[in-house]
Structure formats: structure tokens, C-alpha cells
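Once you've looked at the hints, dock chain B against the given chain A.
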Amino acid sequence: MEKIIELKNVTKRFGGITALNRASLHVNKGEVVGLIGDNGAGKSTLIKTLVGVYGPDEGEIAIRGKKVFNWTALKARESGIETVFQDRALCPQQSIVWNIFMGKELRYPFGFVREKEQVKEANRLIREIGFTSKLIDAESPVGNLSGGERQGVAIARAIYNNAELIILDEPTNALSLNETQKVFEFVNNVKKSNRSVLFIGHNIYHVYDISDRFVILDRGEVVHQLNKEEIQSPEELMKLMRDTIKKH
Amino acid sequence: MNKEKSTLVNIFHKNGRALGSMGYFILLMIVFLIGAPEAWMRPSLHQSVFVMLPTLIFLVIPLVFLVASGEIDLSFASTYAVAAYVFAIMVKSGIDPAIAILAGILTGAIIGALVGALIVVFRLSSLVASLGMLFLLRGVILLLTESRSITIMEIDTHWTYYTLVGNFYGFPMQIFWASLFVIYCYYLFSKHVFGIHIHHVGDNSVSAEQMGINVKAVKIKAFMFVGIGAAIGGIFTTLITYTFFPTQGFGYLLLALAAVFVGGTPYWGGLGTIVGAIFGVGIIAYMEIGIIAIGWSGTWRQFFNGLIILLALLGHRLHGERVR
Chain A
1 MEKIIELKNV TKRFGGITAL NRASLHVNKG EVVGLIGDNG AGKSTLIKTL
51 VGVYGPDEGE IAIRGKKVFN WTALKARESG IETVFQDRAL CPQQSIVWNI
101 FMGKELRYPF GFVREKEQVK EANRLIREIG FTSKLIDAES PVGNLSGGER
151 QGVAIARAIY NNAELIILDE PTNALSLNET QKVFEFVNNV KKSNRSVLFI
201 GHNIYHVYDI SDRFVILDRG EVVHQLNKEE IQSPEELMKL MRDTIKKH
Chain B
1 MNKEKSTLVN IFHKNGRALG SMGYFILLMI VFLIGAPEAW MRPSLHQSVF
51 VMLPTLIFLV IPLVFLVASG EIDLSFASTY AVAAYVFAIM VKSGIDPAIA
101 ILAGILTGAI IGALVGALIV VFRLSSLVAS LGMLFLLRGV ILLLTESRSI
151 TIMEIDTHWT YYTLVGNFYG FPMQIFWASL FVIYCYYLFS KHVFGIHIHH
201 VGDNSVSAEQ MGINVKAVKI KAFMFVGIGA AIGGIFTTLI TYTFFPTQGF
251 GYLLLALAAV FVGGTPYWGG LGTIVGAIFG VGIIAYMEIG IIAIGWSGTW
301 RQFFNGLIIL LALLGHRLHG ERVR
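If you read the sequences in order, they're chains A and B. For what it's worth, this note's numbering labels the leading residue of the first sequence as 1, then goes sequentially. For what it's worth, this note's numbering labels the leading residue of the second sequence as 1, then goes sequentially.
Derived from the structure by calculation, the hints contain no laboratory data. By construction, the Cβ of each residue, glycine as well, lies at the ideal position given by its N, Cα and C atoms. Each statement offered as a hint is correct.
Derived pair list, reagent style BS3-like, types lysine-lysine, alpha-carbon separation capped at 27 Å:
id, chain 1, residue 1, chain 2, residue 2
1, A, Lys116, B, Lys14
2, B, Lys14, A, Lys120
3, B, Lys14, A, Lys104
4, A, Lys8, A, Lys228
5, A, Lys3, A, Lys192
6, A, Lys120, B, Lys191
Now the stretches of chain B that chain A is said to cover, found in silico as 3 or more residues with beta-carbon under 8 Å:
id, region
7, 183–192
8, 211–223
Rough simulated footprint, nothing fancy, chain B against chain A, three-plus residues with beta-carbon under 8 Å:
id, region
9, 64–74
10, 97–105
11, 141–152
Here chain A stands alone, though its shape is the one from the complex (with noise of 0.2 Å):
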């Protein structure tokens, strides 16, 4: 099976406190990963470093195999990989197409924006993910927007690209169960079309229901990787999760 991305034994310190130690983790091509941990495991710091946010201290980085240097997120993205971050990253000055858009404008030569096929792209998206009742002009700022809709926005940029690996950090934060069924039904289609999705949540149960296969993130180790097989139900995930943290 063709891992898209790996990390292997990566640490990663800020200043004094080691954030990351020796972690290792890969994605295959048409699974979905839950990461669980408790707050301050390092899940965060995992996935900055996955996508090139933060730069490893050690270990290194693979993409389908092949190691790679110099690990930028605008490399990470050009190589398929979507992130939706935990706190959505997007402007909210700005409209909703440059939202969509940002990093990886659809330019003309010498770099001009091509601004009529952004914004009928943006509202096929808007429209595709069904974030929204009301009818959303895709040129309003973001700053307009509810805690859902922002989260929609936020998708549609990770869907815009088809990208093969879409990591989802806490992505039902805040979300209505409505909106929080809606991204479920999100991953599940990705997944029917055989890319992957690394899925990062607090919520045992949603974590347990998509996913197919569990890694738990203790204290920036990787303490447990599990197949969905060896699990019977989240509470046994839960026991687990506790049984590490208790060993401290």
C-alpha cells in the first residue's frame, strides 16, 4: 500500500520543552487516521510539522516514498496535502474567495488573478459543501460569517484541489450537530474516492466512527497505532488513551 506521507522519528523542541519525541506516523493512500490525544499531547505541533508549518528539529520526511528537504507548507500543498487548521486559518478581512483561494490563486502569466473563474469556483464550492442556508455572495468577507460557515470555507479550500491527503485538525469544534454530521459525510466521501484523511480530534466517539485506524499521541510520543480491527468499541479506545496517560 502506498503511504502518501510518513514521518519518521521526528522531534521537535521550542526552546527547552521537546514538543515532538521521535514520533513516527504515515497515511496511507484511501484510509482515514484518527490521532487522538489529550490536550497537550502534541497533536497540533504533529500536524504543523507534517505540513511544513513548523520545521523538524530531527528525523525526517516522506512523500509517497521519496525523502524530502526542506519541507515548506507551500511545498506540502503543491504535493497534495490540504490542511484545515484547528483555528481555520483564514483572513476574515477578506472575501470568501480570497479565502478560498489564498496561497494558490488561479493566476494568468506575470501573476494577475483570474478573478471571474475564482469566483464562480467559489460559489460551485460554497454550493458542494452546503455549509449554508442562506444564499452567501462569495465575494463577502469571511468576518461575516458564522463559526460554521467560516469552517465551510475553510473546507472548500481543502477540497478545491483535489488534494490526495486531507488532514483535518479538530474540524467539529464548535459545530452545530448538523455541521458536525456534514463534515462526517465530508470525510466519507473522500474516502469513496480513495484518498486519505488524517483525522484529528478531542471527541473519542467521532474519532472512532470514521476512522480506520488509531494512532494516540501521549506527551509528543506515539505511544499506541491500532487498526480499527483490534478495537471493539471507543470506550475501549477511551481505557486505553487513560491507561497510557496514567502511567506518567
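Just chain B now, with coordinates in the frame of chain A:
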């Protein structure tokens, strides 16, 4: 009917800041027109504004980019003189003025890049660091020139003089170039990747970085652009007056900054308006001359400058707080 109304509301909403600046400009013109109709009808008054206007435009428009990117620069007022000095000294030593102009602009770009790199790489406050650069560069100029001016009357017969600041059937060429600059910058700011990234970086630099935008590079480029604008402004003024003088540009420091904010660009980054800035420049330039024209003593000038700035800022409050 309803749709029409919402389109109108939409246009106002999207361009509120630019329209606001336009409103203040028109208001100011009306005040002067009523106050001194005869002086106001005289073309010579407007001609003297047109000497100052292009220089201010070259300074102010790049500043809109920089302020929208969340930074500020004060050193441009000295970069202006350094670039003009490089230009003047090269012309004086017999080098072709066209090359001297390019060298001057290049000087502005390099200084801008240095200031930007200093601020971005060492994470300095752009306000304080560029204040330091403002004095440092001015000091360099004073030392190099020993406070003496340079006159370049010989430029009069060169083609660059005619094309850049000559008179085309009574029309000052610098207005043409400044207009071209404005149109180019308008598209650069709102339709080009550079301008769009400026907006993103100024709005939320963390988000921009996470989406793969090179935040540091964008900011350094914005500083470079300010340096280039300042250099062009300095060279144009030197051409128009045939003279480089070592204190050149200092007077524009606060006027240019005032024009940016009066023009409706907020200080917090992520937003800016080129069209508004043009009216901001108009307000500042006419303010300087209008007070005299209206028959008041020049001692009132600063008072009214301040009043206008404050009133304009209060007016721009109507366009709302920063959205988060």
C-alpha cells in the same frame, strides 16, 4: 428594485473608505470654492498643486501597500533624498541621466530591502526601526554632501527631462506618469498575487503562513516598493527643480503618512484603498495651498492640516471596526 438597492448598498459597502475620502475631498474643494472663488478659478493655483501632487503620489501609494501588510515605514523620507543624491551626483559626473535615474531607483529598492530585512528578520518594531533609519540615512546624506546642494541645470536639454517632467502642450508630464503609476498600482493591489498576498499577510500573518505564503518575503517586497516609490518621488522633484538639496523629502514625511490615513487605509493592516489614497493626497496637497489662497495667513496651515486629519479619521470610523 430590491436587487438594485442591494447592489448599490454593496458598492457602497465595498468602496466605503474610498468614497468617504472622495467625499472629504469634494467638501474641501467646496469650502475653498466658496471661501475664495476668484483664487480658486485661477489655473496657476492648480498648477502649483500639480507640482507637489505627483511626488506625493509616488510616496503615498506604495505606503498603502505597506500599511495594508501590517507594517509602517518612516525611513522613506530619507530614502527619497539618498536616491535623489545618487541621481544628482551621477548626472553631475557626466553619466547619462537615464542610467542615473535607474541607479537612483535601484538605490531606493536596495534601501527598502535593507530596512525590510532588518525589521522582518530581527523582528523589530517597524515604527521604531524605520525611525532609526530615517535619521541614519539623513545623517549619511548630510555627511556626504557636507550639507551642500547640487544643481543640475544641464539636464534641461536631455530627453529624460522632456519625457518625465516636461510640458506637453501645457500639460505637465509628471501628472501623466503619476496617473500611469496609480493605474498600475490599482491593479497590482487588488488583482495581482502580490497585492492579494499583502492583504492576507496584513490581515492574519499566521493564516497566510499556514497557507504557504512566504510572509517575510511579502513584507520585504512591500518595503522595497516603498523604497522604489520614494526614489521615484525624489528623482522627479530633483528634475522639476533642477536641484538636489540635502534636506529634501523631510517635509513630506508627515504629509505622506497623513495622506495614507486620511485616504481611508486603516492602520491595522489587511485593508487599504488606492483610490482613497489619491483623494487623501488631493486633500493634503490642496490643504497646503488652499489656506493661502483663501486669504488666511500661512500660520493657520498646520492647524487646519491637523483638523482635517482628525475629522477624516473620525469620518472613517463609520466604516466600522476591524472584523475578526
